[in-house]
Each structure stands twice: as C-alpha cells, then as structure tokens.
Amino acid sequence: MTPIVHVEKLSKTYSVTDREGGLKAALKNLINRKKRDVKAVNEVSFDIEAGEIVGFLGPNGAGKTTTLKMLSGLLHPTAGVGQVLGFTPYKRERAYLSQMTLVMGQRNQLIWDIPATDSFDLNRVVYRLNPDDFKRTRDELVDLLELAPIITKPVRNLSLGERMKCEIAAALLHRPKVLFLDEPTLGLDVTSQRRIRAFIKDYNAKYGATVLLTSHYMADIEALCKRVIIIHHGKLIFDGELSQLAHQFSADKTISATLENPPENTDAFKVYGEVLGYEDGQIRLKIPKQNTSAMISKLLSEWSVLDVSIQEPPIEDVIEHIFASPKETSA
Amino acid sequence: MFFRLIGLSLKVNALSELEYRANFFLQIIQSALSLVIGIGGIAIIFGHTDSLNGWSANQLLIVIGVYTLIGGVISFIIRPSLGELMQAVRAGTLDFTLLKPQDAQFMVSIKKFAIWQILDIVLGLGIITIGVIQTATTIGIGQIFTFLLMLLAGGIIIYSFWLMLASTAFWLIKVDNILFIFESMYEAGRYPVTIYPTWLQFVLTFFVPIAFAITVPAQALIGQLPIETGILALGIAIAIFILSRLIWIWGLRHYSGASA
Amino acid sequence: MINIYKVLIRNELLVELQYPLALAIWMLEKLLEPIIYLAVWTSVAVSQGGDVNGLTVADFAAYYIALLLVGHLTQNWHIWTIEWYVREGQLSKYLVRPIHPIHESITNDWIYKLLMMVVILPAMFLLAWLFSPSLQFDFGAILRFIPAICLAGALGFLGGWVVGLSAFWTTRNGTLVQMYFLMMLFFSGRIAPLELLPDFMRQIAFILPFRWIISFPIEVLLGWVAPQDAMVGIGIQFAWVVALILLAIAIWQMSVRRYSAVGG
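Protein chains in written order, with this note's numbering: chain A, 3 to 333; chain B, 32 to 291; chain C, 327 to 590.
No lab work stands behind these hints, which were simulated from the structure alone.
For every residue, glycine included, the Cβ atom is placed at its ideal position computed from N, Cα and C.
Be a bit skeptical, because a hint or two may be false.
Listed next, the in silico SDA-like pairs over lysine to any residue satisfying Cα-Cα at most 20 Å (straight line) [as the list claims (entries may be wrong)]:
#, chain 1, residue 1, chain 2, residue 2
1, B, Lys142, A, Lys288
2, A, Lys291, A, Glu262
3, A, Lys137, B, Leu36
4, A, Lys93, B, Leu46
5, A, Lys137, A, Arg158
6, A, Lys203, B, Leu36
7, A, Lys288, A, His235
8, A, Lys155, B, Lys131
9, A, Lys179, A, Arg158
10, A, Lys93, B, Gly114
11, B, Lys42, A, Gln111
Per the computed footprint, the stretches of chain C lying under chain B, defined by three or more beta-carbons under 8 Å from a beta-carbon of chain B, are [as the list claims (entries may be wrong)]:
#, region
12, 358-366
13, 442-453
14, 502-509
15, 522-530
Distance windows between CB atoms, simulated [what the hints assert, rightly or not]:
#, chain 1, residue 1, chain 2, residue 2, range
16, C, Arg584, A, Glu45, 51 to 59 Å
17, B, Leu46, A, Lys41, 42 to 50 Å
18, B, Ala122, A, Ala200, 29 to 37 Å
19, C, Gln374, B, Thr160, 50 to 58 Å
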C-alpha cells in the first residue's frame, strides 16, 4: 500500500534579513540589506500510512509549521519531495484541497461577527458539498463536539475553547481524509484540551482519517499518538514509537525509594546520583542507565527501603533533554 | 457557482454588518455629506462661472454621479475585499483562502462587502439620472449602451488596478499607504480630467486610471466620447485585467515561497 | 520627561526609516489635493478672463502651494490609528503603560512632520515652478505665521484625538472620521479660499474650528490678513486650543472609564 503522506528529503530554505538594533544600523539597512539563508527544514524524510495519528514534535522554530505548510500546499519546498494522497500539495489542485484540512491553533477562519453556523454554510458552497451530506456531517460534528448551544452565537462572543471547537468543525465539514493539526489545543483549558483530544481520536477511528499533529502539550501526544516524529533545527532526529523515545534518548532512569528511617537531608544520597526530589520519606534519584542495577543494590544494602521502583523519566523531561542538546544530536 | 458564492458572501457580510446597525445611519450621513461636497463644489464653482473648461454644471453633475457610483462600487466591494487581502497576507490568514478548493483570486475579491456603501451606488445612479434629465437633451439607446460598456470597462480597470496595488503586499510590508494614494488620486475624479494640466491628465489616465473609470463613461453618456477613446478603454480593460492576474499569480508564488 | 521623548523619538525614527517607500508615497498623496483645486480654480479664473473675485491665477497658485505646507503641518493621521486601536481592542496596550499615550502621539506627530519636510519643501518648489504663483512675502507676515501655524497644528492634532477617541461610543467610527475630514475639506478653505464660498457657508466656516487650522495660517503667510486682524485670529485660535484640550481631557477620561467597564 502506498503511504498517504510521503516526504523525502524535503527542505525549505528562507532568506532572512539580519538587522541589528539602533539607528545607525537602521540607516545602514536602508542602503544595504544583508541576507542570510536559514534552513527551516533540512532534508526531512518520513512516510505516514492511512489511519495513523502521528505526533510531530520539536521546539519552537524547529520547522514543524513550515513542514505542515508545505504538506498543505501553502509553501513551495525548496528541494525534495512532499506528496499527500498522491498529490503534489503546492500545485493546489482542487481535488487535493477538497480532501485535506489544516487547522492552525492561533488563527481563525470563522467570520468574527456572525454565528459559526453561517461560516459553515459558506464552507459548504466553497467545498461544493452536497446539501444532504453537508447536513449530516455538520450535525455529526455538532454532536461530537457538543456545539449545539454555541454555533448560533456570534463567534466573537465565544470563549477560546468554544471557538477552537467551531474552528475544528469548520475544518472538517468536507470530511477530509488527511488532517494537519498545528497546535489545535494551544491556550485552551484542560477540559477543552481533553475534549478536543477525544474528538480527534473518535474522528480518526470513525473515518480512518490520517492525522499529523503538533502540540506543545505532551498530554495530547501521549493520548493520541503511538508514533512520533521529532525534528530539531530543521532535521529529523527521531521517527518511531512514542514508547521507544525515552528508551532511546534518555541516558538515565529515575529511581523512587521509600525509606523506613528518612534522614534529615539528602546529602547522603548524592553518591548514588542526582537527587530529583525528597518528601514524605520518599527519595527520587536520577541514575545513569548502565548503573541502575548496581546503584539499586547499593541502595538496598545501605538503607532500610520499604518500597522501590524504577521508571523511565517522564516524557516531558526526555523531550526537554533532547531539545536542550546542541545542534548535532545523533539519533 | 460564482454567483452563489458571491450571494453567500454578501449574505454573510450583511449579517456581520447588521451587528453594527449604527453604521447604517452613519453611512447615510456620510453619503449625504459626500453628496453635499459634490453638489456644493459645483455650486461654489458655478457661482463664479458658466462653464468649467467646456463642461456645464449639469454635465459636471453627471461626472459627480459616475464618481459616486464607481466610488460606491470601490468601497462596496473592491476596497473591503482587497484591503482584507493585504491584511491577510500580513497576518498569514490568507492561508485559509489558499486551502480552499476555489480560485484564490476570486475568493479574495468577493471576501468582504461594506454593505451600507450600496447607498453610494444607488445615490450615484440617482445623480446620473438627475443630471441626464436636467441637461434636457434626448439621450439615445446607443449612448446608454456605450455608457454601460464604458462603465464596465472602467470597473474592470479600477478593480485590476486595485488588485495590482493590493498584490504589492506580497513583497512590501507597510503598503496601506499605497491605497491612501489611490484614495486621494480618486478625489481628482470628481472633476473631468480634462480640466487638469496635461501632465496630470496623463498621470490620471495611465498611471492611476481614473479617467477611464469616471470621465470616459460620463463623456459617453453626454455623447462626447471620441470613438478611439472608447476602443482604447476596452483594450486597456482587457490588458490590465490579464496583467493584474499575472501579478497576482506571481505574488502568490512569492507568498508561498517565502513567508514564514 | 525629556528622556521619555528621547526614547520615543528614537523608536519613531526607527519605525519610519524602515519603510522608505511609505514616506515617498505619502508625499505623492499630499501633492494631489492642492493640485486638484488649484486646477479647478485656475480653470475658472481663466474662463472668467483672469480672475475670480479679484483672485488671479497666480493668487490661487500661491494659496494652494501654501496649503501644501499648512495642510502637512496640521494634519493628523492619529485619528485613524486611535480609531483602529479602539476598534481592535488594542488600547489596553497603551493603558497599561505608565506614560500617557498622548506623548507617544505627539512624538510620532512631530517626527513625521519634520521628516516629511524633506519632501514637502521640494514639492512646494516643484509646484511653484509648474504654476508660477504670486509671492510677496513680507517679514512681518512670516513672523505672524509662526504662532498661527503652531496653534493650527495643535488644533489639528487635538481635533484628531477627540474624534479618534469617540470610537468608544460607536464601536466602529470610521464613518465619523470620514465626516470629520469631509467637514475639513469644506469649511477649512481647502475646497476653495473661504472668500469664494457663498455667504451662509462662510458664516458657518467662521463658527467651526476648521478654518483656524487651514485657511487662517495660509492667509497670514500670504499677507492677505491685516496685522491687527491676524492678532485677533491668533487669539481665537488660542481659545479653540484651550477648549479642545479640555474636551480631549474629558473624552479621554470618559473613554478610559468606559474602556475599563466594558473591557477590551
């Protein structure tokens, strides 16, 4: 089976103008603008199969949005191949645009002063939807996202979470087969985030839609994506199961031990490894992976331990660790 | 299809505008004031003379009518939509339009209507009618047909011109000023371009095509349009429409090639 | 206070210099209106055998060239900025700062006006070359012009602020701003020197503040106003400035109160 999304050595280079602060620089800049090339996306390759939900991670400026925009046809790649559903996105063929959608968390397409339902109507005509199909999809979306009470209010009167739900509904009225979601939960409260997460999962299960999703909230990723792709400084540094991520990138494990006779302070534990926390008699230590078993035996022999557990560090920490590393992180 | 989209966009915009009903009354006041300026200007001028460079007061009234009509069309659809386009390019919201399976130029051109400006369109037609009645000469079907044809050509020229201006937003950041230029240049259309010094007539004909949009249709209605000018207007309408389309496509390519 | 202005001036210069094209375009825009009415009145004067009510073609040229300068020094585009801020709920940005936003407005105003003199002066020379005006400056007139134009500038600025801020009461007051400019066109002496207006209009023009912004400084500069009358006029300008300052303060306070009540 051919993959739904096929990306091969996809690159995007921007030419940016460097500017120093100050009046002198501004005057100089009038005459002579210095340009510099920035590789926003650098030879990224991956495939996504039908029905997958893939998390797309990377710190700000890593090239996630640029990649999504290339895949949705908004940007021309500088080099490489990006194909979705067999189409070349930047040609912006009607058949392609009718089958995909891009949701951007911070932007909205809904018309500010009128109820969302009127914006939905506009999309019906724009996407040339059959009135019956449209109605069915709309009602379904209204149901799934619990929009009934809010789609008749002017968009400007909606809360951020409500607006985002309407945005998502508007983006899905034409039942796209491929969804590019760029920070769909950004700035939302925990309840709204959870609702949107659940919806994406439902939609994917129901229609077998393929989803590529970026989010700053690891909870989104953990709840939705089995597989993640990580880019950093424009380069792909990881593509695989989320569960493998910690294994591959973390050099450490976390050990939690509950002590029978907790000491006053944690000085005595520094010989084992870095102390992450200490409260209610429970100590948490970060220990290099290869030393784990040695250190546990040492701990057990030297202290009276009620309970001990070994964990992979939390995924947030792993990610933070990856992103904090300098440019040439090897996978 | 196109008409349905236009209709729906009109409806959506009307709904938006209805949220701000006070604007309707402000628009009435504004149209009235604009009318007062036009007529007042004529009154002041013709208080001191009988003819302005060969144009009688009633003929000038027709010019004001066309000025109001075309100005109404500009502020009814062209300016709101293309102004929104420039905003969208800057804010990145043009993305949404580009994601839609429709011609992007068409979509941005009908995106926004300033509904109440329709008053100016009606008013313009009214003034033209009054001007025609007052000139007390019979106006033949041919004249009316030429007038409508010239009006259409003028509309296309103005739209294409605006599209080219708006497309500069793809390259330049602070371009609203370009529109200000046009607005004030448009003011020059209140009077027949023939009263201006030759160099300015040239500018108003070929750089900012106000002559074709206002003076030429007015001349057609009065029956004083040289045939060559009429043909030239049609030719330019077609040429500039194609040119603006090319610039738009070029700009779009630039947008999708460079914007972050 | 001076330090604040120093920083504001620097930032403003930085912003303006970033858009050289914008500056050029504004210049073109400024040239046009005087040219339109100059052309109209030249046309009328010619058809009337050389003069209208004693104003010759050369007088019109002098009047509209002076209008270019006066119009530039008294214009206020903040009216749009403020209206936009209010409409888009951006005003909070200014309200949270410890300095009154009018300082930024004033700086912006002066930097821009001074900067643009670089193009206004050549434009005036260009028009002088194209239309050969009758110029007979006397030193006293120029001396009287200085307070007249300063007060006119203050009037234009305050008027813009008052109208711009009124956005609070109309949700979208673009229309109100346009009305302001339409009135300005008619009653300030832009569409025609005031003495060519019909009587009733001239009377209205004398009641409204607009003529004190445009036609009065022009006439003072061209020496069309007798010295004593100029002094009286400057006094009236001053009274208008005081009145508008009070109005601006009142409207600002009401706006802020209303803004904090409604929220942005």
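The hints, checked one at a time:
1. The hinted pair formed by lysine 142(B) and lysine 288(A) fails the criterion: a straight-line CA distance of about 58 Å is larger than 20 Å.
2. The hinted pair formed by lysine 291(A) and glutamate 262(A) fails the criterion: a straight-line CA distance of about 26 Å is larger than 20 Å.
3. Restraint check: the Cα-Cα separation between lysine 137(A) and leucine 36(B) comes to about 18 Å, which is no more than 20 Å; the hinted pair holds.
4. Using a Cα cut-off of 20 Å, the hinted pair lysine 93(A) and leucine 46(B) is violated, with the two alpha carbons roughly 34 Å apart.
5. The straight-line distance between the Cα atoms of lysine 137(A) and arginine 158(A) is roughly 24 Å, outside the 20 Å bound, and the hint therefore fails.
6. A threshold of 20 Å between alpha carbons decides the hint, and for lysine 203(A) with leucine 36(B) the separation of about 33 Å lies outside it, so the pair is violated.
7. Under the criterion of a C-alpha separation no larger than 20 Å, the hint pairing lysine 288(A) with histidine 235(A) is inconsistent with the structure, at around 28 Å.
8. A C-alpha spacing of about 24 Å is found between lysine 155(A) and lysine 131(B), which places the hinted pair above 20 Å, so the restraint is violated.
9. Taken as a hint, the lysine 179(A) and arginine 158(A) pair is broken in the structure, with Cα atoms around 30 Å apart against an allowance of 20 Å.
10. Of the pairs offered as hints, the one joining lysine 93(A) and glycine 114(B) is violated, with about 26 Å between alpha carbons and a cut-off of 20 Å exceeded.
11. In summary, the hint linking lysine 42(B) to glutamine 111(A) is supported, as the alpha carbons are separated by about 17 Å, within the 20 Å threshold.
12. Remark: the region 358-366 of chain C is confirmed as covered by chain B, as 6 of its residues place a Cβ nearer than 8 Å to a Cβ of that chain, reaching the required three.
13. By the rule of at least three residues with a Cβ nearer than 8 Å to a Cβ of chain B, the coverage given for the region 442-453 of chain C is violated, with 0 such residues.
14. For the region 502-509 of chain C, the stated coverage by chain B holds: 5 residues have a C-beta nearer than 8 Å to a C-beta of that chain, and at least 3 were required.
15. Figure legend: the region 522-530 of chain C, annotated as covered by chain B; annotation consistent (4 residues with Cβ-Cβ distances under 8 Å, at least 3 required).
16. For the pair arginine 584(C) and glutamate 45(A), the supplied restraint of 51 to 59 Å holds, since their beta-carbon distance comes to about 56 Å.
17. Between leucine 46(B) and lysine 41(A) the C-beta distance comes to about 45 Å, which sits within the given range of 42 to 50 Å.
18. A beta carbon spacing of about 31 Å between alanine 122(B) and alanine 200(A) agrees with the range 29 to 37 Å that was offered as a hint.
19. Hint check: glutamine 374(C) to threonine 160(B), Cβ distance near 31 Å, so the stated range 50 to 58 Å is violated.
Of the numbered hints stated above, those contradicted by the structure are hints 1, 2, 4, 5, 6, 7, 8, 9, 10, 13 and 19, listed in ascending order.
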